[in-house]
Amino acid sequence: MNMKITTSAVAGTLESSDVYVKVEPCDKLEIEIESVVYNQFAEEIKKSIMEVVEELGVDSGKISINDKGAIDCVIKARVETAIKRAGGEN
Amino acid sequence: MRRSMLFIPGNTPNLLMNGDVLGADSIILDLEDAVSPAEKDSARILVRNALKSLHYKGCEIIIRINPVETDYWTHDLDEIIPLKPNMIMPPKVSCAQDVKTVSEYIAKLEEKCGFEKNTVKLIPLIETAMGVENAFQIASADERVAALFLGGEDLTADLRCKRTKEGNEIFYARTRLVCAARACGVDVYDTPFTDVDDIDGLYTDAQFAKSLGFSGKASISPRHVEGINEVFSPTQAEIDYAHEVMETIRIAKEQGKGVVSLRGKMIDAPIVERARQVIEMEKAMFGGTEDDE
Amino acid sequence: MSKLVASIKEAIEQCGLKDGMTISFHHHMRNGDYVLNMVLDQIAKMGFKNLTVNASSIFDVHEPIIEHIKNGVVTGIECNYMGAKVGKAISEGIMDKPVVFRSHGGRASDMEKGTSVIDIAFIAAPTSDDMGNCTGKVGKSACGSIGYAFADAMNAKKVVVITDNLVEYPLVDFSIPEVYVDCVVAVDQIGDPAGIVSGTTKITRDPVGLKMASYAAKVIEASGLLKDGFSFQTGAGGATLATAKYVKEMMLEKGIQGSYGMGGITGYMVDMLQEGCFKALLDVQCFDLKAVESIRTNPKHMEVSATQYAGVSGKSAGVDNLDVVLLGATQVDLDFNVNVHTDSNGYIMGGSGGHCDTAAGAKLAIIIAPLTRARLPLVVDRCLCISTPGKTVDVVVTQRGIAVNTAGGKNQELKQKLIDAKLPVVEIADLKRMGEELAGVPKPIKMGDKVVAKVIYRDGTLLDEIHSVK
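As you go down the protein sequences, you meet chains A, B and C in turn. Mapping of the first sequence onto my numbering: position 50 corresponds to residue 50, and the numbering continues sequentially without gaps. Mapping of the second sequence onto my numbering: position 45 corresponds to residue 45, and the numbering continues sequentially without gaps. Mapping of the third sequence onto my numbering: position 437 corresponds to residue 437, and the numbering continues sequentially without gaps.
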């Protein structure tokens, strides 16, 4: 799949154990992470986001997340939802 | 063993993570009523990821998809079937064709995933007047159907009557569903009791459902699970009696007797079958006892 | 004769405050307290420096103390609990001298033993007469028990009672008698009684919390301690309150007549008293207004001092006869040590309160907490801070399993009883593994070099040190 971010979109919530994801069009790929567990899980969070980005073939766009302690499968789900909402297939 | 089925909203991470610790024999991950139209995509992807990553140990997984008259249900199945849930619950099933439509779509996905045919079972949610009247056709529509489930809330709206705690308005539907399901040899599950705080009322309602022949009951609140499990579990006296029946049969077999009686009552096939079911539930509940064969 | 003085300023002058002294406060007004801020503002205005504040607890409402620290007015803090706002500043290292954390019992006992010396105690009294006979049970700012203030009144060199309800001498049914009091100040308002009710005094509706509560109640039942003469303490957390509710239901169903309920008292404990579950409540602080009403009107609801509640300096204390206590935790380690001082990033946001006192005293100390909180596993290799030593903790209850502390051969019988009751008994290491399977393995937090707080155990020994955050 090759997704292109054509509009901005959000997914998720700011509830505990969830994550709020915002995706916007951008010339390059930019990832911004804010997390209550940044010190403990920054690597895992980045990895989760990148896995989804690669799987969906996204090569540009700004992805900002505000993480309230979501586990990996939740982060991936929210990022995927936001990208799909923001994108059209190339 | 499926005594209690607990609804878990499909778009709530914290509950999805803990669905298997709430004591229910089955959990119904809900993509329908618990999810607003704007979040259907989000819940579908979240539930799919949860099924992929979480273990849900000792807990049967049922997914309530969206109704066949919406645009969502095929997308729901596309995402969910590859994760091999135990059952799919299609809502608002009103006729045999609804079941066949869903079943055929699942069959295609099963084939694509390389699953054995009929791996994923169906538990149609009957919650319309038409559905109640067609209960037998629905239960016998497809091999995939493993149980029926009555939804009292939508049904009473369709019947244009008020849903009450006493439930007189759904009495006909309850007995009709039990009869249809039993006629087809499938299980049948009762509608949730909706007053979350009324635990005594829950017991009364569950006991009544059990007395009508229901296999178990669904719940929208974790607080009802324990009560439902208790009501639909065999009592110690029933368990003891079941073991006595099996023991009597065993001795009779040894002695070559054809007809046996226990406490002055002839033990016929239905009694033996009932005893087997009770012992099976006992095993599922407590992990078996020493005198099991 | 009258001990009434015109203002806090006059009281401070009369008591002879000097730079470098230690002043004390108690926290029964909790997050509604005005007195600590009022007194410190006055002291700052008068130009004093280098004071140590010994407060039984510091709440978020006391945030202005941060300015006083920055200005050198306050250079030392001793307390049993510190809310997240001041805690954050301390963790970031704004004070040179480490905060001294004690437990509720330890604070009172250290004063009585003379290891903690108070120069002037300021007592927020919802009602007082002009000679200093005072109480928290009545008045517009009634907070109920003022049990933590007893040690301050009895041991401080000078004692100032600050009240917003001055009554004619003699006050009927006083808690602290005039013999200890040097002067009395009347002010408009000592606090906001609504602030004594914290957000944690409601029974949880969270299904996971209820699951933990139901397990904890079953642990208590299976332990065999739930019988006539039962004594019980629970905190004010949502899940612990839910456990209390289940315990109450079991007691009523089985007709069990307990002995006493103790601690910070909530309306739920009051219900248990009224419904005959207990003969009496021993109350060191009221957590809600229902408890305040009860201690005023019900003679079986008794005010006790911190020493009688949890101290080690008296000849006995209530905790010594406690059957069961339910406690929370932010972290538990593989040796069952419990952290309630810091969050998982090492920021101070709590304190022992009576945690380690009750754990040490109770026959069965139960920790109740979810396996993970916002992705952070409860069970870790080593707590960031030891608030309560593992050897005093008996059981850890989570929604996915219950671990029994059998170190040194203890609790073997209890463990078997829980297994017989078909409860999901696992090892503490299993809880760690299960949490990490769900959430991932957290990267260890690196703390700074500076010691920002010392945790003193109830017997006066050093239990642990808290380092600054990086």
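Don't read these hints as lab results, they were simulated from the structure. Among the hints, erroneous ones may be present.
[Unchecked claim] Simulated restraints, written as ranges between beta carbons of each label pair:
{"no.": "1", "chain 1": "C", "residue 1": "298", "chain 2": "A", "residue 2": "64", "range": "48 to 58 Å"}
{"no.": "2", "chain 1": "C", "residue 1": "363", "chain 2": "B", "residue 2": "255", "range": "32 to 42 Å"}
{"no.": "3", "chain 1": "C", "residue 1": "430", "chain 2": "B", "residue 2": "284", "range": "50 to 60 Å"}
{"no.": "4", "chain 1": "A", "residue 1": "42", "chain 2": "C", "residue 2": "85", "range": "17 to 27 Å"}
{"no.": "5", "chain 1": "B", "residue 1": "171", "chain 2": "C", "residue 2": "85", "range": "56 to 66 Å"}
{"no.": "6", "chain 1": "C", "residue 1": "422", "chain 2": "B", "residue 2": "171", "range": "54 to 64 Å"}
{"no.": "7", "chain 1": "C", "residue 1": "188", "chain 2": "B", "residue 2": "164", "range": "50 to 60 Å"}
{"no.": "8", "chain 1": "B", "residue 1": "161", "chain 2": "C", "residue 2": "363", "range": "48 to 58 Å"}
[Said to hold, decoys possible] Here are the simulated lysine-lysine pairs, BS3-like style, with alpha carbons at most 30 Å apart:
{"no.": "9", "chain 1": "A", "residue 1": "28", "chain 2": "A", "residue 2": "62"}
{"no.": "10", "chain 1": "C", "residue 1": "443", "chain 2": "A", "residue 2": "62"}
{"no.": "11", "chain 1": "C", "residue 1": "245", "chain 2": "B", "residue 2": "210"}
Since the structure is predicted, the reported quantities are computational estimates derived from the model, not experimental observations. Just so it is clear, CB atoms sit at the ideal spot from N, CA and C, and this is done for glycine as well.
So, going through the hints one by one against the coordinates:
{"no.": "1", "hint": "C:298 <-> A:64: 48 to 58 Å", "in the structure": "holds (56 Å)"}
{"no.": "2", "hint": "C:363 <-> B:255: 32 to 42 Å", "in the structure": "violated (56 Å)"}
{"no.": "3", "hint": "C:430 <-> B:284: 50 to 60 Å", "in the structure": "violated (23 Å)"}
{"no.": "4", "hint": "A:42 <-> C:85: 17 to 27 Å", "in the structure": "holds (26 Å)"}
{"no.": "5", "hint": "B:171 <-> C:85: 56 to 66 Å", "in the structure": "holds (59 Å)"}
{"no.": "6", "hint": "C:422 <-> B:171: 54 to 64 Å", "in the structure": "violated (36 Å)"}
{"no.": "7", "hint": "C:188 <-> B:164: 50 to 60 Å", "in the structure": "holds (55 Å)"}
{"no.": "8", "hint": "B:161 <-> C:363: 48 to 58 Å", "in the structure": "holds (56 Å)"}
{"no.": "9", "hint": "A:28 <-> A:62", "in the structure": "holds (8 Å)"}
{"no.": "10", "hint": "C:443 <-> A:62", "in the structure": "holds (27 Å)"}
{"no.": "11", "hint": "C:245 <-> B:210", "in the structure": "holds (29 Å)"}
The structure is inconsistent with the numbered hints 2, 3, 6, although it conforms to all the rest.
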